[in-house]
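Trainee: Chain residues, written in single-letter form:
Protein chains: 2
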Amino acid sequence: MVPQGLFILSIESPWVRVVSESKLPPNLTTFTVTPVADSYHDALDELPCDETTILQFENELKGQMADTSDTLTHNSITALLSSKFRDIQKRLKQYGIEAPKFRKRLVSKWESLNYDICENVLRMEMEMEMEMEMDFDQCAKDDCLYLPVFMWMGMNLVITCLASLLVTFLNQKAAGSGIPLIKAYLNGVKIPGLLSFKCFIAKSVGVVLSILGGLFCGKEGPMAHSGGIIAAGLGKGRIRLCKGKGISLYDGFRNDHEIRDFVAGGAAAGVSAAFGAPVGGTLFSLEEAASFWNQDLTWRVFFGAMISTFFTNFLLGAFHGHATELSSPGLVRFNVFDNDLKFDLIEIPVFVVMAVVGGVLGASFVVLNYKLTVFRQRFLRNNWLKVIEAGVVAMVSALLAFILMVVVDDCTATKPFGNNTVTARMHCKPGEHHGLSNLFLNTPEGCLKSLLHDPYESHSPASLAVFTVALYFLSVWTYGLSVSSGVFIPSLATGAAWGRLVGMGVVDMLPGLTHLSGDFGKYALIGAASQIGGNLRTTISLTVIIVECTGDISFGLPIMIVLMISKWVGDFITTGLYDMNIEVMGIPIIPFEAPPLVDDIRASEVMTSPLIGFRPKEKVGQIIDILKTENMCGFPITEMPEDEPGRVKLKGLILREQLIVILKKKIFAPEGLPQPKNITIADFRNFYPLYLKIKDIAISEEERDYMIDLRPFYNPTPHTIEKTFSLPKVFNVFRGLGLRHLIVTDDKLTPLGMITRKDLAKFRAGTKRGLVKIEHLKIEDN
Amino acid sequence: MVPQGLFILSIESPWVRVVSESKLPPNLTTFTVTPVADSYHDALDELPCDETTILQFENELKGQMADTSDTLTHNSITALLSSKFRDIQKRLKQYGIEAPKFRKRLVSKWESLNYDICENVLRMEMEMEMEMEMDFDQCAKDDCLYLPVFMWMGMNLVITCLASLLVTFLNQKAAGSGIPLIKAYLNGVKIPGLLSFKCFIAKSVGVVLSILGGLFCGKEGPMAHSGGIIAAGLGKGRIRLCKGKGISLYDGFRNDHEIRDFVAGGAAAGVSAAFGAPVGGTLFSLEEAASFWNQDLTWRVFFGAMISTFFTNFLLGAFHGHATELSSPGLVRFNVFDNDLKFDLIEIPVFVVMAVVGGVLGASFVVLNYKLTVFRQRFLRNNWLKVIEAGVVAMVSALLAFILMVVVDDCTATKPFGNNTVTARMHCKPGEHHGLSNLFLNTPEGCLKSLLHDPYESHSPASLAVFTVALYFLSVWTYGLSVSSGVFIPSLATGAAWGRLVGMGVVDMLPGLTHLSGDFGKYALIGAASQIGGNLRTTISLTVIIVECTGDISFGLPIMIVLMISKWVGDFITTGLYDMNIEVMGIPIIPFEAPPLVDDIRASEVMTSPLIGFRPKEKVGQIIDILKTENMCGFPITEMPEDEPGRVKLKGLILREQLIVILKKKIFAPEGLPQPKNITIADFRNFYPLYLKIKDIAISEEERDYMIDLRPFYNPTPHTIEKTFSLPKVFNVFRGLGLRHLIVTDDKLTPLGMITRKDLAKFRAGTKRGLVKIEHLKIEDN
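Protein chains in written order, with my numbering: chain A, 498 to 1279; chain B, 498 to 1279.
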């Protein structure tokens, strides 16, 4: 049976729940899904679904019931919706004076929106059961549980498929966390479409849908990516109205270098907004991207991150109705430990063991996800298959959660901590609630907070173990789907779950330590740090982010140690998740340092040769032909002096982009005539970032014989190295100077070849079970 | 008259104070110097100098008085001291059970040690006065105030002179904050003696003495320097027993590059320990030193900083008797604002104005200190004069403080905030205390905390104004004395003083804002940030340090804005304090970026030429001669191929240090004979950092004709640039690759000259009143 409150509940449940309850026989103890009051802001501001409020509303609602009950019996969705809107209007008017409270409630409901529906279905079912005094197993046999499961799975399926459709058909670059791609972009790889408006829509709307769709994923990676896109868009200073037309506001930043700085700042701002961690965000951007320490850039990025944190804080505050309080610096904060976190030296070994476990679990996460990704790349190439996979994951997530909620016995009367915690009674006694359901029915962030802060008795060890396993495998499966989804929060939550389990074990085994392990949520925190350290292997920024999120510097040391050890352990087995992503996608990024064991390789063995270049005065036809056949981005300018026969002299370096713009503006003339000069720096900028293609340049047959004088344009002092330079030294020069083209010469400065990013990226070192492996990749243009 | 308790008071005052009090006529209201209870840890743990305790001790002490009073009347110091020791022993036994409390008390007393003495003298004087019902001015006329003043000045004089003697005669590199020198060292300048053990003693003991001597200085800079020295010592892995002898533990880090990394870490650890700010300390090290972003190094530095913070916390906690509490992460923390700091948008303009004021005050601080430093360099070259100046400053500080304490009327009954706050009654009514005296009689850190946290009524505007002016000029005068002294805390305190004044003005002028400016200590914080921003001009690390110290991320934005504006304003007028120091000391550091307006300067105009080099096989005599006459640290290896007459071919680069070690180990042979091979990498390391001088190498006349084959030793791929490279590009290569020698070649790779640090450091850009000025310095070797 479909309960009448179903669709109404999907938007604003507490009152409608009352509607349903009022229809039940009064002797029944009702199963309530009670959002716990927002203990952050004002513990007294209770939601109106407690008993007194129910009584207060009952009479009023009974009158209303008379109108709607007949339509309800028809199960007509239209009628239900229209009655719902009347209801909402009424409520809004009534609660106009308490608007902030109402909004707050709406927010907390909205976050766990689709769960409520199923939850309510579930509740109805159980009420029926209780009325009939049947036991739970009996019901399962009688298939009376099928409906809520299908409802839940259906909701997840529809929303997740929407999320996946958006990403799959709008811009596939928006899939996943986005951080690997941003990292590759900041490393210097051009990724078409990564910073496009379409990608922004797919990413930002997509992540809302994937979380709504009940996938086990976070929104932090996508926020970093979205931040980067916004920053790049601002940097370009142009409003594009339609193809080729637009308003140009400023063009000073229109080159790769500047836009890259903008993206670094945007990504930092995104991370800061997510965690309320401006310093962590800045360091994140540095750790993932920087090769130079650039004072000014760091300051700007930091300033941006601080502004971002401030405005997140301000807007969240304003949304909750107290803009000036500035008490919600980020979307994910867990700085609400009752007292400062302390630890005893005896606990350090426990932390170390946890870090090792985290490292192993993280590495196996990476391995499993790697296998899955390879499988997907091979067999799930069709776009529709991708959408279907996302839908399947969403349904399985719901189904598994439901089964576990029904099967696992985890009743507790302990009041949970919290902000957005949703308590569900399931088959527990009156006054109790089901601990595992709290975790499954919560938002990912709420689940993390529950695990960190709930009192000791809130979750049974069995339910934590089950939850860990379920969450672990579901998050492995979820990451890499064709939806916009981050991996931060699932990693943290998985770690917090088994960390909490360890904490309970420690408390049980060492009862003498209870005075120290009073707030044993620290074990959950350490577990979370271990797991994310094992998954991601970023250390500096992650430490700072977690310290900023907990707001406790004294506890920074154990977190740091744990992150370091889990990184070591993980690195011994496999690379980190993001690096694995980059590897699987085949993106040529240049590592921080040369791989080991390449000291004997010389520049001359790495370079691309023979070198194709131009003379300082070159024929238009020659340039066109070379640009069409070669796909290099930079060309040397060489000269053969008449007084030194046989010598090739390096004069400079010119970029493909420059040449195309010069050709487009027709800066050439027949031999002997003066060359037109009507080209400015703005002309070069104007085509950024959508450079013209050489095939779009129309050059007549006559013009092919004209001459271009390249001397005003090329860079007369390109960086060069001798062919005997070793590969580590080449790496050093390349990264240290931030180059894209490095010309290799002989001992007389005769250019022999060129080293570009691709030549260096083809050396890839992997560690596998402690052994170093050097791969020599073949990189092809596409 | 000398009061009997005088010298006893200097070590442990509360009980002795009771001694004195018990002798006074009972109708007198005594003037008590009461250390306020340590509100951090346990507000209930009151010191035993309150009334009940006094009564409790009175009888016991009266008996004791009988023994000592006769010796006391002799004013015999020996007798006093011996009675003191008896007293202490007794107390220790008595308080054995309360050891933590006792220690805590001892600490808080020790910090304000020398003030207590004078304070007590003062008190005695005033009691006398009151007894005689004379007014204060009358007393001043009758010279009855001369004694306490002289006592105070004398104490300051003696201790400060000790501090100055230590620095002046042990190692003058220990003078000042040490941060400019550490910055220069990390930039790549070799500063003899900077990292010596003597310097460590002078620095670390010296700073204790200078603070004890009542100078207005901080201990943060010296802590960074000391941290750097310790790290360098650990890095070298050698215990030096006497000249030339020692135990070598490991030698893997014995080169400039590694030791520099160690020093960066040590400095970061020092800053972290001072402020309890591990992230801030790490960023400090990066901001002052790094040119590369080095992932591994940053992580190590951060780890060191975290460990440092942890152990400071642990040891301070243990010292206070609650090691596991970990509640004192740094020596200077001001994170005890009652509630989170909030700010209204209306307040931003006020903050901006304060930032401008801070910038101007900071810039004038730099200018005044610059003039003073130049004066000192010209006229105070004698070591004894330096000691005398330090003594004079100490005496003037005491005298000025005393005069102001007597003259300024600043009585208040408001209980001050705090930890180490010392309240003094002076000439106030019973139950009141003198606000200005609290500031002067406190430790610099305590003074800062008072200014940040004291309630509104604690200090009158007049006294704050007077205090600001006094502190400002005294700290200008103090910084640069030949003592170990930092400038962080005086800057913060000065800023906090005038910031508080502004805050009081805002509260008075905008009474409507009281709900926002309830904690108007934020104005003091903003003032402190403005002032230190104006003085030092470091932005990134300072923001993070202040945010970590206040523990409030939401308030990070205004602090950041203020620091940025005060830096802009200050930079418009003059360089920062540390840069001014470096400039005045004539240390050639290479800035982050090339100075402006040098785009037209080519490498060939900057390089040192002609180039003096060696052949791959060179005569010993030739090498000796060149090493003796030239003071370069690197020499090119060149060859003239026989098949190409007239061509000079660059083969590599060899360092002076390498050559000297090769000569020392006699790795040469007569022409035609094989060269000995008994030299290892350890031989090169072994002489670090005290390299041999060329004049210490004994080479016989016969050996001068032997040949050295340099081929196994030189670097075959030195970095080169063409002579047409512009100066900004040269800067880029130099900093980006962390070079010390860059060979300039013509377009056939023929070496023409060499660019070293000195060639680049001679271009110095200064901004003066918004105009850029490029100086071309002449750098000489000494």
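I should point out that these hints are in silico values taken from the structure, not numbers from a laboratory.
Hints may contain errors.
Said to hold, decoys possible - A few chain B residues that face chain A, going by a derived Cβ cut-off under 7 Å, partial list only:
| # | residue |
| --- | --- |
| 1 | Trp796 |
| 2 | Ile1037 |
| 3 | Gly1053 |
| 4 | Leu1054 |
| 5 | Phe1210 |
| 6 | Asn1212 |
| 7 | Thr1214 |
| 8 | Pro1225 |
| 9 | Lys1245 |
Said to hold, decoys possible - Straight-line alpha carbon distances no greater than 30 Å define the calculated DSSO-like cross-link-like pairs of lysine-lysine that follow:
| # | chain 1 | residue 1 | chain 2 | residue 2 |
| --- | --- | --- | --- | --- |
| 10 | A | Lys1226 | B | Lys1146 |
| 11 | A | Lys1245 | A | Lys687 |
| 12 | A | Lys1116 | B | Lys1255 |
| 13 | A | Lys1245 | B | Lys687 |
| 14 | A | Lys1220 | B | Lys1174 |
| 15 | B | Lys1146 | A | Lys1220 |
| 16 | A | Lys1255 | A | Lys695 |
| 17 | B | Lys1226 | A | Lys1114 |
| 18 | B | Lys1220 | A | Lys1114 |
| 19 | A | Lys1245 | A | Lys695 |
| 20 | A | Lys1146 | B | Lys1245 |
| 21 | A | Lys1146 | B | Lys1125 |
| 22 | B | Lys1220 | B | Lys1255 |
| 23 | A | Lys1226 | B | Lys1255 |
| 24 | B | Lys1125 | B | Lys1226 |
| 25 | A | Lys1226 | B | Lys1226 |
| 26 | A | Lys1245 | A | Lys1255 |
| 27 | A | Lys1192 | A | Lys1162 |
| 28 | B | Lys1226 | A | Lys687 |
| 29 | A | Lys839 | B | Lys1114 |
| 30 | B | Lys1146 | A | Lys926 |
| 31 | A | Lys1226 | B | Lys1114 |
| 32 | B | Lys1220 | A | Lys1226 |
| 33 | A | Lys1245 | B | Lys839 |
| 34 | A | Lys1226 | B | Lys839 |
| 35 | B | Lys1255 | A | Lys1245 |
| 36 | A | Lys1259 | B | Lys1226 |
| 37 | B | Lys1114 | A | Lys1245 |
Here the structure is a predicted model, which is why all the values come from computation and not from measurement.
Beta carbons are placed, not taken as given, at the ideal position from N, Cα and C, and that holds for glycine.
Trainee: Quick one, are Lys1226 of chain A and Lys1255 of chain B close enough, alpha carbons at most 30 Å?
Mentor: holds, 24 Å
Trainee: A closest beta-carbon separation below 7 Å is what the hint needs, so does Leu1054 of chain B meet it against chain A?
Mentor: holds, 5 Å
Trainee: Does Lys839 of chain A pair with Lys1114 of chain B here, judged by a C-alpha cut-off of 30 Å?
Mentor: With Cα atoms ~66 Å apart, Lys839 of chain A and Lys1114 of chain B exceed 30 Å; violated.
Trainee: Can Asn1212 of chain B be said to touch chain A, with a Cβ gap under 7 Å?
Mentor: This hint is violated: Asn1212 of chain B lies away from chain A, its Cβ roughly 10 Å from the closest one there, beyond 7 Å.
Trainee: Is the hinted pair Lys1226 of chain A and Lys1226 of chain B satisfied, with a Cα-Cα distance of at most 30 Å?
Mentor: holds, 19 Å
Trainee: Double-check Ile1037 of chain B for me: the hint is only fine if its C-beta lies closer than 7 Å to a C-beta in chain A.
Mentor: Cβ of Ile1037 of chain B sits 6 Å from chain A, so the hint holds.
Trainee: Would the hint linking Lys1226 of chain A and Lys1114 of chain B be met if the CA-CA limit is 30 Å?
Mentor: holds, 26 Å
Trainee: Assess, step by step, whether the Cα of Lys1116 of chain A is no farther than 30 Å from the Cα of Lys1255 of chain B, and give holds or violated.
Mentor: violated, 46 Å
Trainee: Between the alpha carbons of Lys1226 of chain B and Lys1114 of chain A, is the straight-line distance 30 Å or under?
Mentor: holds, 26 Å
Trainee: Does the structure keep Lys1220 of chain B and Lys1226 of chain A at a Cα separation of 30 Å or less?
Mentor: holds, 22 Å
Trainee: Hint check: Lys1245 of chain A vs Lys1255 of chain A, CA-CA at most 30 Å. Holds or violated?
Mentor: holds, 26 Å
Trainee: Is the Cα-Cα distance between Lys1226 of chain A and Lys839 of chain B 30 Å or less?
Mentor: Outside the cut-off at roughly 52 Å; violated.
Of the hints listed earlier, those the structure fails to meet are numbers 5, 6, 8, 11, 12, 13, 19, 21, 24, 29, 30, 33 and 34, in rising order.
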